[in-house]
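The task is simple: from the sequences and hints, build the whole structure.
Read top to bottom, the protein sequences are chains A and B. Just so we're aligned: 662 in this note's numbering is position 4 of the first sequence, and the numbers increase by one with no gaps anywhere. Just so we're aligned: 954 in this note's numbering is position 296 of the second sequence, and the numbers increase by one with no gaps anywhere.
Don't take each hint at face value.
The list treats identical chains as one, so a pair stands whether inside a single copy or across any two.
As the list claims (entries may be wrong) - Computed list of lysine-lysine pairs in BS3-like fashion (alpha-carbon distance at most 27 Å, straight line):
no.	residue 1	residue 2
1	821	877
2	907	873
3	907	821
4	907	788
5	981	1024
6	1002	981
7	904	785
8	981	821
9	907	785
10	873	723
11	877	904
12	1024	680
Everything labelled a hint here was simulated from the structure, so no lab data went into it.
There are 2 protein chains.
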Amino acid sequence: MQTYQPITPAIIEQLQALVSEKNVIIDNDRLEVYSHDEVTDQRYHHMPEVVVLPETAQQIAEIMKLANQELIPVVPRGAGTGLACGAVPIYGGIVISLENMNRILEVNVDNLYMVVEPGVLTDDVQKTAKSHGLFYAGDPCSGDSCFIGGNVATNAGGNKAVKYGTTRHQVYSIEVVTPLGKIVELGGRLNKNTTGYCLEQLMMGSEGTLGIITKITLKLLPLPQHVIDLLAIFPDIESAIGIVGKVTKAGITPSCIEFMDNETIKMVERFLNEKLPNSDTGHYVIIQAEADNEDALDDKAILLDELCNAHGALQILVADPQKIWRARKAFSEAVRHESLVMGKEDIVVPIDKIPEMMQEIAILSKKYQLITRTASHAGDGNIHLNILKGTMPDSQWDEMLAALQHELYAIVYRLGGKLSGEHGIGYKRKQLMQEYTQPAELEMMRAIKLALDPNQILNPGKIFDI
Amino acid sequence: MQTYQPITPAIIEQLQALVSEKNVIIDNDRLEVYSHDEVTDQRYHHMPEVVVLPETAQQIAEIMKLANQELIPVVPRGAGTGLACGAVPIYGGIVISLENMNRILEVNVDNLYMVVEPGVLTDDVQKTAKSHGLFYAGDPCSGDSCFIGGNVATNAGGNKAVKYGTTRHQVYSIEVVTPLGKIVELGGRLNKNTTGYCLEQLMMGSEGTLGIITKITLKLLPLPQHVIDLLAIFPDIESAIGIVGKVTKAGITPSCIEFMDNETIKMVERFLNEKLPNSDTGHYVIIQAEADNEDALDDKAILLDELCNAHGALQILVADPQKIWRARKAFSEAVRHESLVMGKEDIVVPIDKIPEMMQEIAILSKKYQLITRTASHAGDGNIHLNILKGTMPDSQWDEMLAALQHELYAIVYRLGGKLSGEHGIGYKRKQLMQEYTQPAELEMMRAIKLALDPNQILNPGKIFDI
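Structure, rendered in structure tokens:
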């Protein structure tokens, strides 16, 4: 475990000289904003000693050199929309906020790519692509508030990963400042590359522990022209989830498959105060599909209809996408309405294991007398499981949640799953990470971290302890 | 630079005890087979001291422990079809051949995956998938002779990468024996995963320098049902290559786009002794496209025809795929027919830079008075450039090739390209790798190598020197 030095007035002065005075925050009220992400539990908050808002990779490189020299921890931060405390400065030190590096540097329509700085809103990436008749396929649910840099650093997932992959599949190359303060371009605007180790893929998803991303070249695609959204309602979880494999195997390659169990539907219904179809017994599957032309889209719709019917669907609705997605998008808010405090798990399992996982969740929920609410990116095997604290006293809640998680992840790993599908490990899931990861794998991760960041300066205490 | 110890009779005995006597080769004639890959230049050959044919990951783990203890280099080897001397034991020691680990362990039709050992022929992976009505999208040109383990270790490319990606995109998870002799499963049968560092992607393409792959879970897809192959002939390189961007932007997502320039067509014509269409001036582009149904396929064919015509095509042929691909597949043999010795470059550049790259190649070819032959996976920007020695004396050839490569790669890197699209660096391109890679990037690769393989036991002297 590294011991860090405090920020001194002399260091503040050096930082001000590097990035100008206006881009250095030391005022406590303004620092508070950078002490947490979307995790509301105060025990996961920690104040930075100083926040720096650099405008260039060169400035970040200089900050890293200074931090190594003075043994000060540095935490890179996007928009702070994380759910795993990945950008919380748990050892204090410097937070580098990328909010000032927010320019779209190039949109190349002929060659289908976009070059952006890390502080661009993901929604703005999507909108800019669309305004050029193109498509950016990364689609995290928090697109209106998260930064593209954070998406890359955490390998954000979202709704469209089932067809287009997660953020790591949307990236040609990244410019990175290394923990030692070197600027390096990893990857290339290339469709094939076997020129040494694939460092860009290692960097993506490393949650700011191996480097700070300062520029990103994103892949763009032609805008899908023919899209259908369909809601299929099933009488039980098994048939609902079973449809995922049938659809994929039929060669449909849906662009989204979302699943909500009946309890969750009932909750959303109460929250929206609006009757939802077949809400008494129905489990919902939303399927979005794209096709080459309208005829092919019709063919897909007919095939989907047949598959869902053959699989016992109670009802299949093709309707206004807005309406279909309304229930799904209300999920998070509806859950918060039931309980402000909750355990937000981000389980991922092989798709065919979802029914078994859902059964096990039901058993655990009963055993621990805790209400659970799930919404799943079913096409990816990614289950957002919210465990509601409700009125349980704090002391009991901590214990219960830990015990439930312990049992839960034993099952997840037995089924071939992992701790996190898209939220990451950060600080919040570190203990679980160390409990469930194979020792040899953890050893490799630690060795790589120490090799690239020998002074343990960059985002220390995240993902695993050294 | 590590100093290694020789293999002693005592070590041979230990190896025999580990894998049984029949699986240890010490006979010189039999060892010779393992002294080279497909690179014919004898200066790149090196004899192993012993070849071991393990049957389990556990055996490989024990060999690695022994090698670390005794400081003996270990080189993992697939089918030996490499083009970069990645599997050549340049420091002698132990070659671990994976040829006995050749079982297909599971084909899961419902969940679209296959579990294989590394010594399975890539063709057998494809055929087995097809026999189950499914599709394995990895498609290196040497599928009839290469092993799937080698494909993964080198991130092999091939014809279909333009649509389906290279081998690293076809893999769910790998079981790996680490340089220190631990067995670890990296990745998972998951469509999303943000649970610590993405070690499986780091491992893939590391050419056996970071671990030995002992089991692979491959993704399968529904078999494409509606496929068209089209040959478009253009009057000049610019319009031929320019069509790639037009096709992609039109949303066609071809499954192959191959390019052959006119000189190459003439060479193939001579070799096949068969008149090829428009061979006097024509540059060939082969486009393969897939669609949801026959109507959509017709739509795509019509759109492709329009795009090619608008781009100045001399002729567009939709014909028997076998016939269309005949000229492309004859390329390598036809080149060998012209000159047994050649420099085989595997350049990759951004697709839109191919015309400029082709012009520069023509200039260099003229300057050095060396005949060059190219065939390109144009949809990937991957140019196979063969520089023919012809009758040039050995001493002059070495010098000329080095000088030409030096100029060539300065251009490649200026255009945003890299040394190798799909053949890898291995031993053959190591000096060029060290010359053209950013120092900070090379430093990161070396740090990772040393972190995971502190004794520099596993496939030393490949990709870069420590």
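Hints, one by one, checked against the model:
1. In this assembly of identical chains, the alpha carbons of residue 821 and residue 877 lie at most 27 Å apart whether taken from the same copy (15 Å) or from different copies (14 Å).
2. Only between protomers do residue 907 and residue 873 lie at most 27 Å apart by alpha-carbon distance; the minimum there is 24 Å, versus 38 Å within a single protomer.
3. For a Cα distance limit of 27 Å, the shortest separation of residue 907 from residue 821 qualifies both inside one copy, at 13 Å, and across copies, at 19 Å.
4. Taking CA atoms no more than 27 Å apart as the test, residue 907 paired with residue 788 passes between copies only; the shortest distance there is 14 Å, against 31 Å inside one copy.
5. For a Cα distance limit of 27 Å, the shortest separation of residue 981 from residue 1024 qualifies neither inside one copy, at 33 Å, nor across copies, at 65 Å.
6. Taking the closest pair of Cα atoms, residue 1002 and residue 981 come within 27 Å of each other only inside a single copy of the chain (26 Å); across copies the shortest separation is 57 Å, beyond that limit.
7. In the homo-oligomer, the alpha carbons of residue 904 and residue 785 lie at most 27 Å apart only across protomers (23 Å), although the nearest pairing inside one protomer, at 33 Å, exceeds that limit.
8. Only within a single protomer do residue 981 and residue 821 lie at most 27 Å apart by alpha-carbon distance; the minimum there is 22 Å, versus 33 Å between protomers.
9. Within a single copy, residue 907 and residue 785 get their C-alpha atoms only as close as 32 Å, which misses the 27 Å cut-off; across copies the closest is 18 Å, which meets it.
10. Only within a single protomer do residue 873 and residue 723 lie at most 27 Å apart by alpha-carbon distance; the minimum there is 19 Å, versus 42 Å between protomers.
11. Taking CA atoms no more than 27 Å apart as the test, residue 877 paired with residue 904 passes between copies only; the shortest distance there is 16 Å, against 30 Å inside one copy.
12. With identical chains, the CA atoms of residue 1024 and residue 680 are never at most 27 Å apart, being 54 Å at best within one copy and 58 Å at best between copies.
When the structure is compared with the earlier hints, violations turn up for hints 5 and 12 and for no others.
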